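Spelled out from the first residue to the last, the chains are:
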Amino acid sequence: MRLTSKSRGFSLGFFQFWRDRINAVRKNKQLIWQLLYLSLTDQYKKTLLGSFWLILSPILSILIWLIMNYSGIYNPGETTIPYVGYILLSMSIWLFFAGFFKHLATAVTESGRMLLEAPFDMEAKLVEKILLGIISFLIPLALNIIILLVLGVHFQWSALLFIPTLIPLMLIGISIGVFFSLIEIVFNDIYLVVNQGMNVLMFLTPVVYTNNVDSPLLQTVIKYNPLTYLISIPRNYLVGAPVEDWQGYWISAILALVLFIAVIHFFFNSVYKIVERIFE
Amino acid sequence: MEEPIIEVTGVYKKFCTSLKLNMLYGLYDIFHFTGSDKLPPLRKKEFWALQDINLNIKRGEVVGIIGMNGAGKTTLIRMIMGAFPVSHGQINVNGRISTVFERSRAFQRFYSGIENIRVKCALFGMKSKEVEECLPAILEFSGIENFADAPFGSYSAGMRTRVNFAVSIFSNPDLLIIDEGLAVSDVQFRRQCIDVIKARKEQMGVLLISHNMEQFEEMATRLIVMEKGRITCETDDIAYGIKLATSKR
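Protein chains in written order, with the working numbering: chain A, 224 to 503; chain B, -3 to 245.
Hints listed in this document are in silico derivations from the structure and should not be mistaken for laboratory results.
Remember, it's a predicted structure, so these values are computed and weren't measured experimentally.
Mixed in with the good hints, there may be bad ones.
[As the list claims (entries may be wrong)] Simulated pairs of lysine-lysine, DSS-like, Cα-Cα distance not exceeding 30 Å:
| hint | chain 1 | residue 1 | chain 2 | residue 2 |
| --- | --- | --- | --- | --- |
| 1 | B | 16 | A | 325 |
| 2 | B | 123 | A | 269 |
| 3 | A | 250 | B | 224 |
| 4 | A | 252 | B | 125 |
| 5 | B | 16 | A | 252 |
| 6 | B | 16 | B | 123 |
| 7 | B | 224 | B | 41 |
| 8 | A | 250 | B | 125 |
| 9 | A | 268 | B | 197 |
| 10 | A | 268 | B | 224 |
[Unchecked claim] Covered, in the sense of this in silico footprint (three residues per stretch, anywhere, with C-beta under 8 Å from a C-beta of chain B), are these stretches of chain A:
| hint | region |
| --- | --- |
| 11 | 261 to 272 |
| 12 | 336 to 347 |
| 13 | 406 to 414 |
| 14 | 471 to 483 |
| 15 | 491 to 498 |
[To be verified] Restraint-style ranges between C-beta atoms, simulated for each label pair:
| hint | chain 1 | residue 1 | chain 2 | residue 2 | range |
| --- | --- | --- | --- | --- | --- |
| 16 | A | 260 | B | 142 | 20 to 30 Å |
| 17 | B | 147 | A | 484 | 14 to 24 Å |
| 18 | A | 336 | B | 142 | 23 to 33 Å |
| 19 | A | 390 | B | 147 | 34 to 44 Å |
C-beta atoms are modelled at their ideal positions from N, C-alpha and C, and glycine is treated no differently.
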């Protein structure tokens, strides 16, 4: 490894850059599993039920939505499946996206103590957080699918396209999280503002309501919001609803890929220059 | 000729004394990609913590660094480890580095000793098979076999030091960095550590920072005296180096 003021030995060539990142992930497999184990178990270490909370937390969320729905608090308009199923599924997809931001944005700063003793490759931390985001999504998703089956939703073979069509949404979530993990090292307040902004963004995306809203302003926001397509198309595939707006989906997917590539390059060219600031 | 494990060439390091300015400089550095081979100028409230540091370490060497508090010893090792970026110059690292600090921050208090050992071994770059192979040796050396499943937070300071050192030495490093890492251990364990370092000396290099002169006398093959961020003396005559450093206190 060569450490200089200009770089940490990163290749400027596009393909070599990505080959190096993949090799670093391979090299750090053991570390990734150990970090993932810590992340999954740490918050429940001092609880009586331990890791069972990984399943219990989503069950409690589902119960809250069920109670709200049957008490008649929400009236979101026409949905192709029972509203409670719609909302549970939409919220899972949204939390899948927002989870990447939440987990990744603090990835570098939370490694501070460990980095001071053994400055490991940052690829390990990013991959660990991505895996954590995926696991945090799959558990509630499985429970939600059970609820949908109970509610009488019949799944078709096209539901298998749900996971691949989610990939662009994942890339955007990772990109935003990785970008703000750098900003969070130097300025905490920007991260706090963006964290709040994510809640606002949820209400500007058809998550708790359908695409067919009355407000012309909200209609325009929904139309130009790439998340609209990246959330509604996988959701429609899963529940067997008509899949439209392919053009919007592909434009958003290409934007997501470009953003992901740019942010990962940016991250690895910058992170080691400023990482010492987390120790202050 | 054998390649050095560590080659430090013309290294400089600057820090900023103002937190707010440092945050702004950090934001600037994030978006600043074009580097230069010239020595960067000091910005407002910045100062040189290290200047023109040159150092090589090869296998079989135990290099001691001696200097008063604030001389730049820990900053230098953090740059060698890669935790602090280099402001100017170059550091080449050829091999695995393990560290022993006076107080380890990487251990998790609610996790058992054995879980912490696995995490720390992985941090030092060990593969799963390697970890499982050296686990019995780590437990035996640190003397915690009967407490391996107890939470790390319940360990005494001495037990933690023993685990910390055992993981570092049994991770088979090419360079072992000890920064006051033996300060809180008892005489018997310190003896054990010195013996194991001597026994494994030929397979690795050691960089030792300590305020205990006896450790230098017993182990060091070379001594570096640091003062105000510069190397003021580098000598194979350990007694002379100690005399020079202590006379300036």
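Results of checking the hints against the structure:
no.	hint	verdict
1	B/16 - A/325	25 Å, holds
2	B/123 - A/269	29 Å, holds
3	A/250 - B/224	39 Å, violated
4	A/252 - B/125	12 Å, holds
5	B/16 - A/252	38 Å, violated
6	B/16 - B/123	41 Å, violated
7	B/224 - B/41	17 Å, holds
8	A/250 - B/125	13 Å, holds
9	A/268 - B/197	40 Å, violated
10	A/268 - B/224	45 Å, violated
11	261 to 272	holds (count 4)
12	336 to 347	holds (count 8)
13	406 to 414	holds (count 4)
14	471 to 483	violated (count 0)
15	491 to 498	holds (count 6)
16	A/260 - B/142: 20 to 30 Å	24 Å, holds
17	B/147 - A/484: 14 to 24 Å	43 Å, violated
18	A/336 - B/142: 23 to 33 Å	28 Å, holds
19	A/390 - B/147: 34 to 44 Å	40 Å, holds
Violated hints, in rising order: 3, 5, 6, 9, 10, 14, 17; the structure is consistent with all others.
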